[in-house]
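Under numbering that gives the first Met the number 0, the residue at position 42 of the sequence shown is numbered 41, and the numbers go up by one with no gaps.
Keep in mind the hints are simulated off the structure, nothing from the lab.
You may find that some hints are simply not true.
Unchecked claim - Ranges of calculated distance between the beta carbons of each label pair, as one might list FRET restraints:
(1) R162 <-> Y32: 16 to 26 Å
(2) R88 <-> G64: 14 to 24 Å
(3) V61 <-> E37: 28 to 38 Å
(4) R162 <-> Q31: 36 to 46 Å
(5) G138 <-> R62: 33 to 43 Å
(6) L15 <-> G138: 20 to 30 Å
(7) G35 <-> L160: 32 to 42 Å
(8) L24 <-> W94: 17 to 27 Å
(9) L161 <-> V34: 34 to 44 Å
(10) V158 <-> G66: 14 to 24 Å
(11) L160 <-> Y32: 27 to 37 Å
(12) L137 <-> G25: 15 to 25 Å
(13) V34 <-> F91: 19 to 29 Å
C-beta: ideal position from N, C-alpha, C; glycine also.
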Amino acid sequence: MILNWISRAPRQILGLICLACFAMLGFGLYLQYAVGLEPCPMCIVQRYALLIVGVFTGIGAVRAGAGWWKTWSFLALLMAGFGAFVAARQSFLQWYPPEFATCGRDFYGMIENYPISRAIPMIFRGSGDCTAIDWTFLGGSIANWSFVCFAVIAVVLLVALLRGGRR
Numbered sequence: 000m001i002l003n004w005i006s007r008a009p010r011q012i013l014g015l016i017c018l019a020c021f022a023m024l025g026f027g028l029y030l031q032y033a034v035g036l037e038p039c040p041m042c043i044v045q046r047y048a049l050l051i052v053g054v055f056t057g058i059g060a061v062r063a064g065a066g067w068w069k070t071w072s073f074l075a076l077l078m079a080g081f082g083a084f085v086a087a088r089q090s091f092l093q094w095y096p097p098e099f100a101t102c103g104r105d106f107y108g109m110i111e112n113y114p115i116s117r118a119i120p121m122i123f124r125g126s127g128d129c130t131a132i133d134w135t136f137l138g139g140s141i142a143n144w145s146f147v148c149f150a151v152i153a154v155v156l157l158v159a160l161l162r163g164g165r166r
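Given only the sequences and the hints, what does the whole structure look like? Please build it.
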C-alpha cells in the first residue's frame with residue numbers, strides 16, 4: 000500500500016520529506032538552544048546534509064514534470080546517503096571511542112588560542128565532542144536516530160525513483 004502511494008504521488012512524498020527535514024532541523028535547534036546541547040562538527044555536517052535534502056526535495060515537490068522531480072530526488076538521495084554515512088561514522092565513534100582524539104574544541108579555547116580569522120570558521124564547525132552521548136531516545140543517540148532518518152529518507156527516495164510515474 001505504501002509502495003503504491005509512493006509510486007502514484009512522488010511529488011507529495013517529496014513535499015513530506017521536505018517538511019520532515021525542516022522539522023528535524025527545528026528539533027536540533029531546540030536541543031541546542033533550549034536544552035543546551037552543543038553540536039559537534041559531525042552534527043553540523045549532518046545538519047547541512049539534512050538542510051540540503053530538504054531544499055532538494057522541496058524544489059522537486061514544486062517543479063512540474065517527471066524530469067524535474069526525478070533529478071532533484073536523485074540529488075537528495077545522494078545527499079541522504081552522505082548524511083547516513085556521517086551519522087554512521089559518528090555512531091561508530093560513540094560505540095568505540097578513540098583513546099585520545101576528539102573531533103571538537105571548546106568555544107573559549109578557540110577564541111583564546113586562534114586569531115579571529117581562524118576561530119570564526121571553527122565556531123561554525125561545532126564545539127561538542129562527537130563521541131559524547133548527551134541525549135538518548137529509546138536507547139538511541141542523536142547520531143543513531145539521524146542515521147535511521149537518513150536511511151528511511153534514502154529508501155523512500157529510491158522507491159520513488161524506481162517506481163515513480165510521470166508526475
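Hints, verified against the model:
1. R162 <-> Y32: 16 to 26 Å: violated, 40 Å
2. R88 <-> G64: 14 to 24 Å: About 36 Å separates the Cβ atoms of R88 and G64, which means 14 to 24 Å is violated.
3. V61 <-> E37: 28 to 38 Å: holds, 35 Å
4. R162 <-> Q31: 36 to 46 Å: holds, 37 Å
5. G138 <-> R62: 33 to 43 Å: The hint (33 to 43 Å, Cβ to Cβ) holds, given that G138 and R62 are roughly 40 Å apart.
6. L15 <-> G138: 20 to 30 Å: About 27 Å separates the Cβ atoms of L15 and G138, which means 20 to 30 Å holds.
7. G35 <-> L160: 32 to 42 Å: Hint holds: Cβ distance 40 Å, inside 32 to 42 Å.
8. L24 <-> W94: 17 to 27 Å: holds, 25 Å
9. L161 <-> V34: 34 to 44 Å: holds, 39 Å
10. V158 <-> G66: 14 to 24 Å: holds, 19 Å
11. L160 <-> Y32: 27 to 37 Å: holds, 36 Å
12. L137 <-> G25: 15 to 25 Å: At 20 Å between Cβs, range holds.
13. V34 <-> F91: 19 to 29 Å: For F91 against V34, whose Cβ atoms are near 24 Å apart, the range 19 to 29 Å holds.
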